[in-house]
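Visitor: Chain by chain, the residues run as shown.
2 protein chains.
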Amino acid sequence: MLELAVLGLLHESPLHGYELRQRLKATLGTFRAFSYGSLYPTLRRMRDAGWIAEDEGDAEVVAGAPALTGRRGKVVYKLTAEGKEHLAELLTDAGPSAWEDETFGVHFALFSQTDPEVRVRILEGRRSRLEERREGVRATLARTRARLDSYTLQLQEHGLESVEREVRWLTELIETERLKTTTTPRKAVPHSVRP
Amino acid sequence: MLELAVLGLLHESPLHGYELRQRLKATLGTFRAFSYGSLYPTLRRMRDAGWIAEDEGDAEVVAGAPALTGRRGKVVYKLTAEGKEHLAELLTDAGPSAWEDETFGVHFALFSQTDPEVRVRILEGRRSRLEERREGVRATLARTRARLDSYTLQLQEHGLESVEREVRWLTELIETERLKTTTTPRKAVPHSVRP
DNA sequence: CGGCGATGTATCGCCGCGATACATCACACT
DNA sequence: AGTGTGATGTATCGCGGCGATACATCGCCG
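Residue numbers (numbering that gives the first Met the number 0), protein chains in the order written: chain A, 0 to 194; chain B, 0 to 194.
Please keep in mind that the hints were generated in silico from the structure rather than gathered at the bench.
Misleading hints may appear alongside valid ones.
Unchecked claim - Quick list of simulated restraints, FRET-style, between CB atoms:
id : chain 1 : residue 1 : chain 2 : residue 2 : range
1  : B       : G16       : A       : E18       : 37 to 47 Å
2  : B       : Y39       : A       : R44       : 23 to 33 Å
3  : B       : D54       : A       : E174      : 47 to 57 Å
4  : B       : L152      : A       : S12       : 14 to 24 Å
5  : A       : R146      : B       : Y39       : 22 to 32 Å
6  : A       : G135      : B       : S37       : 18 to 28 Å
7  : A       : K77       : B       : R164      : 35 to 45 Å
8  : B       : H10       : A       : A80       : 51 to 61 Å
9  : B       : L152      : A       : G16       : 20 to 30 Å
10 : B       : Y39       : A       : D54       : 11 to 21 Å
11 : A       : G49       : B       : A80       : 52 to 62 Å
12 : B       : R177      : A       : E84       : 52 to 62 Å
13 : A       : P95       : B       : E11       : 35 to 45 Å
As the list claims (entries may be wrong) - Only part of the chain B face toward chain A is listed, based on derived beta-carbon distances under 8 Å:
id : residue
14 : G28
15 : F30
16 : F33
17 : G104
18 : F110
19 : T139
20 : Q155
21 : G158
Only a predicted model underlies this, so the values are computations on that prediction, with no experimental measurement involved.
Idealized CB from N, CA, C, for every residue including glycine.
Given the sequences, and given the hints that come with them, work out the whole structure.
Guide: Encoded structure:
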């Protein structure tokens, strides 16, 4: 969700819409774009919800004819106290909502702001999610293989390999993450995962 | 687009909604799901547009109390003449709309119904699209590498590798496809000489 | 001195998704 | 005999995101 991404970015420094978008591209890259058609409405929604506030940066408008052209200059947004609170809350969530296709990348990109334990749980959740999908594809593939033409088959198998690659990647990440937490010992608190 | 997928599937045999959905999963696999929330409205739209028609399959409803529960039984859809025409038209399109993220998979899954020349052009188009993206990612990555935390960096690099892998896959496909057209000399593209 | 690409804010309609509702039927478990 | 569970089947609703588009300013290069 865009909301989380914006919260995460604004946590580092106040930004205006355009810059926010650049950062999103730089941060999420191939994973997700988030067009202006999503950004601006979301920004408004978040402002109305009280998570962010407009930080009137440039009062040096003046001169020309401000009244004629209406609002000039950039609109800089910054986190409010509630926004920070909300962000912290969202970052603790290691439930299914965090390992969905669309959301995982955002959570991952914000891992440096996330609790190490939560990180591992998200990575593991994401991995099981993908393992489920892998098994699903394998099953239907085995069942329908004969009926499929070569192109569909190739598509299926390519997709399957992509998922497998993804699982491998996650496994590596989990191991590295585990190493980190074992060398920096913390008290392991088992936590139930809500559905 | 769902429309094309439905057209392509119905070209082989008449199907009802549920079965159509199963086929979509089996055909597109990891690539795309297409929920009922898209399917049924699309079906209606297509029917209204005249591409498909309801092929009242089961008249053996009767007995119980048909009037009470309203419409019983499955609604089977089949291609109309216009539908076939429209499909043929869509399958000739090798323009940008065919190599977009969301559409490419559908086009690819329907390759067995597609003209060989169009196939190659779609594959090449898709590849350039991904090469562009790859260069874009490389550029922003080179520009911002220093500013990124390790997680964001890892996400970026993983994404980059995914794109690279995709490009390799497409290159292989293009080569195979080229071999096919040169070893099976169809309706004469005369000037190309094989070494 | 003219145009073009980057910066900047904003809206609109469409598409697809997930959740949800409801109904029937086969089969297994108890 | 009763129960429940999973597959088959049709359908709707709200919402989040996308691509296209509009419009305005600024700085730089030719």
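Visitor: Evaluate each hint against the coordinates.
Guide: The hints, checked one at a time:
no. : hint                        : in the structure
1   : B/G16 to A/E18: 37 to 47 Å  : 46 Å, holds
2   : B/Y39 to A/R44: 23 to 33 Å  : 29 Å, holds
3   : B/D54 to A/E174: 47 to 57 Å : 55 Å, holds
4   : B/L152 to A/S12: 14 to 24 Å : 19 Å, holds
5   : A/R146 to B/Y39: 22 to 32 Å : 25 Å, holds
6   : A/G135 to B/S37: 18 to 28 Å : 20 Å, holds
7   : A/K77 to B/R164: 35 to 45 Å : 40 Å, holds
8   : B/H10 to A/A80: 51 to 61 Å  : 59 Å, holds
9   : B/L152 to A/G16: 20 to 30 Å : 25 Å, holds
10  : B/Y39 to A/D54: 11 to 21 Å  : 46 Å, violated
11  : A/G49 to B/A80: 52 to 62 Å  : 58 Å, holds
12  : B/R177 to A/E84: 52 to 62 Å : 59 Å, holds
13  : A/P95 to B/E11: 35 to 45 Å  : 36 Å, holds
14  : G28                         : 5 Å, holds
15  : F30                         : 6 Å, holds
16  : F33                         : 14 Å, violated
17  : G104                        : 7 Å, holds
18  : F110                        : 4 Å, holds
19  : T139                        : 5 Å, holds
20  : Q155                        : 5 Å, holds
21  : G158                        : 4 Å, holds
Of the numbered hints given earlier, the model fails hints 10 and 16; all others are met.
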